[in-house]
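Peer 1: Dock chain W against chain V, hints included.
If you read the protein sequences in the order shown, they are chains V and W.
Those letters in the first sequence? Residues 37 to 269, per the numbering used here, in order.
Those letters in the second sequence? Residues 37 to 269, per the numbering used here, in order.
Errors might be hidden in some of the hints.
Because identical chains cannot be distinguished in the list, a pair is counted as satisfied if it fits within a single copy or across any two copies.
30 Å max Cα-Cα, derived DSS-like pairs, lysine-lysine [what the hints assert, rightly or not]:
1) K147 / K187
2) K131 / K181
3) K187 / K260
4) K88 / K252
Hints are computed from structural coordinates only; laboratory data are not their basis.
Listed below, chain by chain, are the residues.
2 protein chains.
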Amino acid sequence: MKLLLISNSTNAGEPYLKYPMPRIDEFLGSVREVVFVPYAGITFSYAEYEAKVQARFAEYGIKVRSVHRSKDPRRMIREAQAICVGGGNTFALTKKMQEQGLLKAILGKIKAGTPYIGWSAGSNVCCPTICTTNDMPIVEPESFKAIGAVKFQINPHYLDANPEGHAGETREQRILEYITANPRRYVVGLREGCMLHYENGKLELIGSRPMRIFKKGIAPYEVKAGDDLSFLL
Amino acid sequence: MKLLLISNSTNAGEPYLKYPMPRIDEFLGSVREVVFVPYAGITFSYAEYEAKVQARFAEYGIKVRSVHRSKDPRRMIREAQAICVGGGNTFALTKKMQEQGLLKAILGKIKAGTPYIGWSAGSNVCCPTICTTNDMPIVEPESFKAIGAVKFQINPHYLDANPEGHAGETREQRILEYITANPRRYVVGLREGCMLHYENGKLELIGSRPMRIFKKGIAPYEVKAGDDLSFLL
Chain V
37 MKLLLISNST NAGEPYLKYP MPRIDEFLGS VREVVFVPYA GITFSYAEYE
87 AKVQARFAEY GIKVRSVHRS KDPRRMIREA QAICVGGGNT FALTKKMQEQ
137 GLLKAILGKI KAGTPYIGWS AGSNVCCPTI CTTNDMPIVE PESFKAIGAV
187 KFQINPHYLD ANPEGHAGET REQRILEYIT ANPRRYVVGL REGCMLHYEN
237 GKLELIGSRP MRIFKKGIAP YEVKAGDDLS FLL
Chain W
37 MKLLLISNST NAGEPYLKYP MPRIDEFLGS VREVVFVPYA GITFSYAEYE
87 AKVQARFAEY GIKVRSVHRS KDPRRMIREA QAICVGGGNT FALTKKMQEQ
137 GLLKAILGKI KAGTPYIGWS AGSNVCCPTI CTTNDMPIVE PESFKAIGAV
187 KFQINPHYLD ANPEGHAGET REQRILEYIT ANPRRYVVGL REGCMLHYEN
237 GKLELIGSRP MRIFKKGIAP YEVKAGDDLS FLL
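Next up, chain V with everything else stripped away, as it sits in the complex (with noise of 0.2 Å):
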């Protein structure tokens, strides 16, 4: 497996996925052409969000071919070179790539080797499940159910406060009652600029700052990069 976990595509006040695009680069090697799900962008066309990421994996020379323009998006994926799958809503992507069949068949995919780039929520439909997004359910997809190719969840654009003065719940306190619900399984909370390199049976954090971890029985605490991660495997 070569997986490439994302927390976001854009740091506040940066270039769209301008920073973690030397490390997308070096993560492809050799391979100049991935596949592209495009299906967590709204409120803009997939053309225009295959665009937006073709302009800059062109700064690469990597050309960026979108499932939405075929018939048959299960052989594009299974005759991909790498896939990249982009974040916005984790739920209205969950249902159409449920509905295409290509959680199944990117699960192939990157058991047989093929690199996965995702960010966002492109991270999260790697995990097991959807249930540590932190998007809105604004449609119902068939399942919680997501690619599973590692076994712990992300929690994408962690974040440590709320605004000042607002009452909601913190993201940790919604992390607190996933692993309640759910004792089994690790979160990581995957603070933005940061992101999970898996390759070579290792699975390593690039990123300055530390990750948040979180396991039903045991006090959340922090990783930092270089720390040994093997327990998430």
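Peer 2: Relative to the frame of chain V, chain W by itself:
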């Protein structure tokens, strides 16, 4: 129908359920006993949730009886003088209410004139679906369908901005995704400290902050207490 749909139990820095209690008391009139649905509570027991709500309601001489104590929760609902659904996790709440057949039972009671009070998740489940919740989908309900006593969707704890430096979607962006996917539905962004009161065929906003209105094809706009809300009915 008599509904009191409250954004949040508690404002930041205030005691639990402090701000809405005078309105809850007034809304209930001569009714001094409510049947309570505690199923949105996750990280504490249903008994603890009942006790916490009872402690506050007792200050107004109102008795709280939670459905979790009964072998026949539906019957408790059918015989209720008033129904109160507390906040917490909307997915867990909906799942358990669906399993116990409470959604339909409550809709029947609401239509028969029984007062309904909800806050946060308890306001969300009064809508057609739970599709505008802010909560994490920690468990999977049978479906996203909810009580449907009103025709519009509430987004409780509505807030305007992200914490500084955070790049995740704002609440407005999330709701714009919802109305793109669900173009016929109004969404109201109900800010903390505010509530909606429906009685005698009239809907009114209570609270010092405006409410934000979203519908596909209309630029989002604000309404304030006293404004005509009949377009939502």
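Peer 1: Taking the numbered hints from earlier one at a time, note which ones the structure violates and give those numbers from smallest to largest.
Peer 2: Structure breaks no hint.
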